[in-house]
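A.B. asks: Protein chains in written order, with our numbering: chain Z, 2 to 96; chain F, 2 to 96; chain L, 2 to 96; chain Y, 2 to 96; chain W, 2 to 96; chain A, 2 to 96; chain R, 2 to 96; chain B, 2 to 96; chain U, 2 to 96; chain P, 2 to 96.
Among the hints, a few may not be true.
Computed list of lysine-lysine pairs in DSS-like fashion (alpha-carbon distance at most 30 Å, straight line) [stated by the list, open to error]:
(1) P:25 / P:40
(2) B:29 / B:40
(3) R:25 / B:25
(4) R:25 / W:40
These are calculated hints, taken from the structure and not from any lab test.
There are 10 protein chains.
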Amino acid sequence: MLYCVRMDVRVPHDVDPETFERRKAAEKARAQELQRQGKWRHLWRVAGCYANVSIFDVDSHDELHELLSTLPLFPYMELSVTPLARHPSAIGDAA
Amino acid sequence: MLYCVRMDVRVPHDVDPETFERRKAAEKARAQELQRQGKWRHLWRVAGCYANVSIFDVDSHDELHELLSTLPLFPYMELSVTPLARHPSAIGDAA
Amino acid sequence: MLYCVRMDVRVPHDVDPETFERRKAAEKARAQELQRQGKWRHLWRVAGCYANVSIFDVDSHDELHELLSTLPLFPYMELSVTPLARHPSAIGDAA
Amino acid sequence: MLYCVRMDVRVPHDVDPETFERRKAAEKARAQELQRQGKWRHLWRVAGCYANVSIFDVDSHDELHELLSTLPLFPYMELSVTPLARHPSAIGDAA
Amino acid sequence: MLYCVRMDVRVPHDVDPETFERRKAAEKARAQELQRQGKWRHLWRVAGCYANVSIFDVDSHDELHELLSTLPLFPYMELSVTPLARHPSAIGDAA
Amino acid sequence: MLYCVRMDVRVPHDVDPETFERRKAAEKARAQELQRQGKWRHLWRVAGCYANVSIFDVDSHDELHELLSTLPLFPYMELSVTPLARHPSAIGDAA
Amino acid sequence: MLYCVRMDVRVPHDVDPETFERRKAAEKARAQELQRQGKWRHLWRVAGCYANVSIFDVDSHDELHELLSTLPLFPYMELSVTPLARHPSAIGDAA
Amino acid sequence: MLYCVRMDVRVPHDVDPETFERRKAAEKARAQELQRQGKWRHLWRVAGCYANVSIFDVDSHDELHELLSTLPLFPYMELSVTPLARHPSAIGDAA
Amino acid sequence: MLYCVRMDVRVPHDVDPETFERRKAAEKARAQELQRQGKWRHLWRVAGCYANVSIFDVDSHDELHELLSTLPLFPYMELSVTPLARHPSAIGDAA
Amino acid sequence: MLYCVRMDVRVPHDVDPETFERRKAAEKARAQELQRQGKWRHLWRVAGCYANVSIFDVDSHDELHELLSTLPLFPYMELSVTPLARHPSAIGDAA
Numbered sequence: 002m003l004y005c006v007r008m009d010v011r012v013p014h015d016v017d018p019e020t021f022e023r024r025k026a027a028e029k030a031r032a033q034e035l036q037r038q039g040k041w042r043h044l045w046r047v048a049g050c051y052a053n054v055s056i057f058d059v060d061s062h063d064e065l066h067e068l069l070s071t072l073p074l075f076p077y078m079e080l081s082v083t084p085l086a087r088h089p090s091a092i093g094d095a096a
Numbered sequence: 002m003l004y005c006v007r008m009d010v011r012v013p014h015d016v017d018p019e020t021f022e023r024r025k026a027a028e029k030a031r032a033q034e035l036q037r038q039g040k041w042r043h044l045w046r047v048a049g050c051y052a053n054v055s056i057f058d059v060d061s062h063d064e065l066h067e068l069l070s071t072l073p074l075f076p077y078m079e080l081s082v083t084p085l086a087r088h089p090s091a092i093g094d095a096a
Numbered sequence: 002m003l004y005c006v007r008m009d010v011r012v013p014h015d016v017d018p019e020t021f022e023r024r025k026a027a028e029k030a031r032a033q034e035l036q037r038q039g040k041w042r043h044l045w046r047v048a049g050c051y052a053n054v055s056i057f058d059v060d061s062h063d064e065l066h067e068l069l070s071t072l073p074l075f076p077y078m079e080l081s082v083t084p085l086a087r088h089p090s091a092i093g094d095a096a
Numbered sequence: 002m003l004y005c006v007r008m009d010v011r012v013p014h015d016v017d018p019e020t021f022e023r024r025k026a027a028e029k030a031r032a033q034e035l036q037r038q039g040k041w042r043h044l045w046r047v048a049g050c051y052a053n054v055s056i057f058d059v060d061s062h063d064e065l066h067e068l069l070s071t072l073p074l075f076p077y078m079e080l081s082v083t084p085l086a087r088h089p090s091a092i093g094d095a096a
Numbered sequence: 002m003l004y005c006v007r008m009d010v011r012v013p014h015d016v017d018p019e020t021f022e023r024r025k026a027a028e029k030a031r032a033q034e035l036q037r038q039g040k041w042r043h044l045w046r047v048a049g050c051y052a053n054v055s056i057f058d059v060d061s062h063d064e065l066h067e068l069l070s071t072l073p074l075f076p077y078m079e080l081s082v083t084p085l086a087r088h089p090s091a092i093g094d095a096a
Numbered sequence: 002m003l004y005c006v007r008m009d010v011r012v013p014h015d016v017d018p019e020t021f022e023r024r025k026a027a028e029k030a031r032a033q034e035l036q037r038q039g040k041w042r043h044l045w046r047v048a049g050c051y052a053n054v055s056i057f058d059v060d061s062h063d064e065l066h067e068l069l070s071t072l073p074l075f076p077y078m079e080l081s082v083t084p085l086a087r088h089p090s091a092i093g094d095a096a
Numbered sequence: 002m003l004y005c006v007r008m009d010v011r012v013p014h015d016v017d018p019e020t021f022e023r024r025k026a027a028e029k030a031r032a033q034e035l036q037r038q039g040k041w042r043h044l045w046r047v048a049g050c051y052a053n054v055s056i057f058d059v060d061s062h063d064e065l066h067e068l069l070s071t072l073p074l075f076p077y078m079e080l081s082v083t084p085l086a087r088h089p090s091a092i093g094d095a096a
Numbered sequence: 002m003l004y005c006v007r008m009d010v011r012v013p014h015d016v017d018p019e020t021f022e023r024r025k026a027a028e029k030a031r032a033q034e035l036q037r038q039g040k041w042r043h044l045w046r047v048a049g050c051y052a053n054v055s056i057f058d059v060d061s062h063d064e065l066h067e068l069l070s071t072l073p074l075f076p077y078m079e080l081s082v083t084p085l086a087r088h089p090s091a092i093g094d095a096a
Numbered sequence: 002m003l004y005c006v007r008m009d010v011r012v013p014h015d016v017d018p019e020t021f022e023r024r025k026a027a028e029k030a031r032a033q034e035l036q037r038q039g040k041w042r043h044l045w046r047v048a049g050c051y052a053n054v055s056i057f058d059v060d061s062h063d064e065l066h067e068l069l070s071t072l073p074l075f076p077y078m079e080l081s082v083t084p085l086a087r088h089p090s091a092i093g094d095a096a
Numbered sequence: 002m003l004y005c006v007r008m009d010v011r012v013p014h015d016v017d018p019e020t021f022e023r024r025k026a027a028e029k030a031r032a033q034e035l036q037r038q039g040k041w042r043h044l045w046r047v048a049g050c051y052a053n054v055s056i057f058d059v060d061s062h063d064e065l066h067e068l069l070s071t072l073p074l075f076p077y078m079e080l081s082v083t084p085l086a087r088h089p090s091a092i093g094d095a096a
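For reference, chain Z alone in the conformation it holds in the complex:
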């Protein structure tokens, strides 16, 4: 099942830079791992913002929450989740 997720990263100005850099590196590794697994189907950068629009393909809300809430940058992110159904005008595979 598909979910559209927007993630806006809010970096507190007084956060410890090294801690944050480690988290960013871990976030990248995790994101790429999930992409290879086919769960994180699309990952786009919102031009001009520290934010992304992503499409997740997982089997349940629980799995989605598990993936998102364990992302290294989760504590610094504001997320909005939109469940996506198949569109009657969509052609081909909807992912």
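Given the structure of chain Z, go ahead and fit chains F, L, Y, W, A, R, B, U and P onto it with the hints provided.
C.D. replies: Using the frame of chain Z, we list chains F, L, Y, W, A, R, B, U and P on its own:
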């Protein structure tokens, strides 16, 4: 270039049903044509709403505007457009 | 899977009363049918508003959209959909 | 009487981790105690967010406020409270 | 129990004046009846707006919804309901 | 003259607890003093939130501002002020 | 006492032009009468919008409501009212 | 002096098409006239919306209001006006 | 030319009190100087809030920005600026 | 291609002044460099706010993001990006 576009359709309660049905049919045909051309890359239904989340792949803002503003249902839609850049953690082709 | 859905009904002041009453009756019948099927798990009235908070239990976003978009009062409703996961502190069956 | 309560937890990035962990553990214990008492009827996680949607069943606003304001994580939460009445289309016990 | 209710009246410009006047008269009679019963404890006009701030004192959400949703002007109103608990600094009877 | 005032208290997580407790005690004393003077006519707790809905009865905007801005918790509060006029359907003394 | 009032005029596209023109003329006459009485102290046009920012000087909320709610264009206006107190840094007469 | 003005056109679905087309033609002629006069410095289409972002260069708020409020499509537009000053980092003529 | 400016002062709870008091004193002196010069025409306190509504009379956006951005409390303020034109119903001098 | 970008700078009150001043100087240098390259076409100060409205002319969303996200003040800015198409009524070169 990729754009994330959300379209919320607002159907006035006193619109002429036949006119609207004709527009819906024309909208479907046009959407499928653009998908076949590879310009309307993804089209998903927002579950529970008369709205969609779409990804367009076109060469310019002008082309995007031309496509969207000539959609048969454009007069009944509220659109928000988010330009998408490549994400540094994205793997493979970004579309 | 569980979804929390808020439905706010906006009744145009110049709608034909009989049409709307027929739709309301059909809505009630449909809502009770879905409750008996266990798909519409909870249906509560927001005190003071023509709105409800509901919990749906269905197998996919597509099924949720099918149920909601075919509700007789769907054309008069503003919906917001929140996918619900199991809470780590919840005891017993989560529904 | 039923109340729908949404709780969004805002964790300051510079909060003392141990203090917060102790509060989270106390929150879990309290939440489970209230569920066993039948006052905290439903507790669901909003998929993708550090938030929950809950249904409380208590006898008065005062009791609701007492329960919520003494939750260990109350100082870190934004709450919205919606009083729920019985829906004319609801079948069976409304809780 | 006390509820603070704000009611904003939206009068469609093309409503039939006589119908609306009849409803306004019925609304006034009903409001005064409920005040005499002690259920509509306070009724104040928001200065400069076709809106009021009211305090209701009823025994349940269901009773509140019954009262509000049967007000003659209910179809033209936007309502927001805030349940009120006793304030620890309040002196005397809280109503 | 009557004013409806909503006060939402925002307690910074790193505020010095003792300072804040002293302010809370001073706030309570001041609130009760103003209630005894008949200026703070009603003080209700918003169920589930660190907020109150209050009705003030003072002779001018200046007096209202003086009262509110000198409340010990004023620096931690977000206030919204709604001037209240007499409602044509109100019976009895409007306070 | 001073009130800052913003008035946004929403003209329904299908309003009867003559009716509206008569109301506009009556509004202008009334506005000028109140200015001559010193009650409508300042009346400015928000540049680019069918809206105004005004300062009223009246003796009570009731008087303010009476003035505003009987303005010929009141049914087409959205108003927001801000009570103004004397500013400690203001020099001279505050009006 | 420069003003940034965003204009969102809201076309009522039941507006008379011919009337609206005439207004659109008149709007285009007027917009081009003002551009030739150097008052309407920039006129861009917001991609995907029936809206524009414009930069006006006029001598006063009054002149700006005169220009905007007499635009043929003014009755169908929502405008927001942002006065622009010279930016300390701007090079060359600011227009 | 006239501008309506609303200034909301946000005082961080952990700001150094002395620094802030010095700024407040400097702000008062500057505000009174500008009032004497006739540039800061009106300065009113929003009753109940640490905010003001002001009317400035200056010759350009640049001058307005210079005045506002050099106010001692500018770093702690949220401002909204509304350019004011002459209202067709205004009588006498518009300031 | 043109983008309208609004940048609102939020300066934390406890930021190290020297660090911030260095960033501001670097920001100015970078902004002027991009203006000379013709990429940052227009840069205006929002009168009364620490914000700007800018027009960028770049070849892709990726390039836009690269430019904006590497601005020295990017970590302190809230940005909104609006892609601009050619307006049918625009005369001359649209930039």
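A.B. asks: Going back to the hint list, which numbers does this structure go against?
C.D. replies: 4
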